[in-house]
Amino acid sequence: MTTVTRKWKQPAPVRGALSEMDVADAGVWTDRLRFDRARAARNQPSELAAITATVEARSRDAGAHALILSGSTARARRTRVSDLDYHVIGGRPEIGHPAEDVDLYCDDAKSFMAKLRSGDDLVHWSVWYGCILFDDGVVQSAATHVASHDGWPDATRKVRQAQSALSFTERIVDSGDRGAALEQVRGVLSLTARWLLLAHDVFPLSRDELSDQVLDLGCSDLAAALHRSMHCEPELDELATGVRLVKHLTSLPAARARRARLPSLTTTAD
Amino acid sequence: MSPKPKVQVAREHLTKAQDEATGGDPRDALQWGFASLEAAIDALAAARGIAIDEKHWKRTEAARSLHATGVLPKDLSDLHRSLNEARKAVFYDGEDPDLGEVSIEDVLSDVEDAVVAAEAEAT
Chain H
1 MTTVTRKWKQ PAPVRGALSE MDVADAGVWT DRLRFDRARA ARNQPSELAA ITATVEARSR
61 DAGAHALILS GSTARARRTR VSDLDYHVIG GRPEIGHPAE DVDLYCDDAK SFMAKLRSGD
121 DLVHWSVWYG CILFDDGVVQ SAATHVASHD GWPDATRKVR QAQSALSFTE RIVDSGDRGA
181 ALEQVRGVLS LTARWLLLAH DVFPLSRDEL SDQVLDLGCS DLAAALHRSM HCEPELDELA
241 TGVRLVKHLT SLPAARARRA RLPSLTTTAD
Chain S
1001 MSPKPKVQVA REHLTKAQDE ATGGDPRDAL QWGFASLEAA IDALAAARGI AIDEKHWKRT
1061 EAARSLHATG VLPKDLSDLH RSLNEARKAV FYDGEDPDLG EVSIEDVLSD VEDAVVAAEA
1121 EAT
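Chains as they are written, first to last, in our numbering: chain H, 1 to 270; chain S, 1001 to 1123.
Derived by calculation from the structure, the hints in this document are not laboratory data.
Mixed in with the good hints, there may be bad ones.
To be verified - Derived, one-sided and incomplete: chain H residues facing chain S with beta-carbon distance under 8 Å:
| # | residue |
| --- | --- |
| 1 | 26 |
| 2 | 35 |
| 3 | 38 |
| 4 | 96 |
| 5 | 100 |
| 6 | 136 |
| 7 | 137 |
| 8 | 164 |
| 9 | 175 |
| 10 | 178 |
| 11 | 234 |
| 12 | 237 |
Glycine included, each C-beta is placed from N, C-alpha and C at the ideal position.
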């Protein structure tokens, strides 16, 4: 029997974890907002906090329902390739030209809930792990929906995204543009990892955490390729191997892909 | 497989973008166009000691500064930013590119200006 608690804590990255808290309770949600505020402050150096303050002020001015700091910053796992990600529930605020790669995802309240119900993993991510900077109740309603309906992102959407990005990725690797190829390969490796994790009831955390998460699943080749795509400088041959790995894994059902290896893989983890 | 000089990949990406724009996949036209613009900016920035550090926002800033110093005939910073947004939507959502009122042909014409500038410098 599951015990529902009346105190907010970060949910474990497993299916059903959000149902262990009474997120519909006003006290629990207030607790979360306080917890998230502190987390956002702790995870941002002053230059990022200044950008966040601008995004928050402009979002409030534009009448947004909610603002969520998401991605690696919310998880305190920024890397040299991290963007600064926000999810605005409301119209797109004008934020000028920040000195950072900022990703601003915007959904109106209706499409936010519709995407949640249809299993959009980005919306789920915001609800599960985002730092909620303000919320007029729309994010709490979304969390309540997840908790009461065993809401879970659609894994098949991720494998479709990986497959549809493969052709261009393969061509850009062949083109000899190493920088663009690295970014593209990192992207398809991440999509593949998210697919496999979701299909095995594990919630994919930030990009830098994915390699450890897929390693725990048993996907050692994918874990190594992902890690190197973020922390090393793989050459084009290695990136081409990454593409072959994604092609191979995404051609299999998730249950088989979990343990699959690419026979000729020469990538080594550092 | 060996990496190629940025000025060379800028032209090759542009050719692919133009091919895709005429009867190919509009999503690939956009992605090649963006890659071409980034490579051209990288080439021009490197020649002036402007640090890019593989950051998109630094390329946006470089595009603005390259125009301000007369290297590029047009300020392509807004184009760079909007192409970056659009190609992410293509990558993650498989969406057809939304370029607003601008056509892909207009976009690629602006990108070609940057490629020509990078080529002129390389010779």
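Taking the hints in turn, this is what the structure says about them:
Restraint check, residue 26 of chain H versus chain S: the minimum CB separation of about 35 Å is more than 8 Å; hint violated. Here the hint on residue 35 of chain H is broken, as its CB sits about 29 Å from the closest CB of chain S, past 8 Å. Interface restraint check for residue 38 of chain H: the shortest CB-CB distance to chain S comes to about 28 Å, outside 8 Å, so the restraint is violated. A cut of 8 Å between beta carbons decides the hint on residue 96 of chain H: the least distance to chain S is about 11 Å, and the hint is violated.
Taking 8 Å as the C-beta contact cut-off toward chain S, the hint placing residue 100 of chain H at the interface holds, the least distance being around 6 Å. Because the smallest distance between the Cβ of residue 136 of chain H and any Cβ of chain S comes to about 27 Å, over 8 Å, the interface hint for this residue is violated. Taking 8 Å as the C-beta cut-off, the interface hint given for residue 137 of chain H is violated, the closest approach to chain S being about 27 Å. A least Cβ separation of about 5 Å between residue 164 of chain H and chain S falls short of the 8 Å threshold, and the interface hint therefore holds.
Among the interface hints, the one on residue 175 of chain H holds; its C-beta lies about 6 Å from the nearest C-beta in chain S, closer than the 8 Å criterion. Of the supplied interface hints, the one on residue 178 of chain H holds, with its beta-carbon coming within about 4 Å of a beta-carbon of chain S, less than 8 Å. Interface restraint check for residue 234 of chain H: the shortest CB-CB distance to chain S comes to about 11 Å, outside 8 Å, so the restraint is violated. A hinted interface residue such as residue 237 of chain H counts as satisfied when its beta carbon comes closer than 8 Å to some beta carbon of chain S; here the least separation is about 5 Å, so the hint holds.
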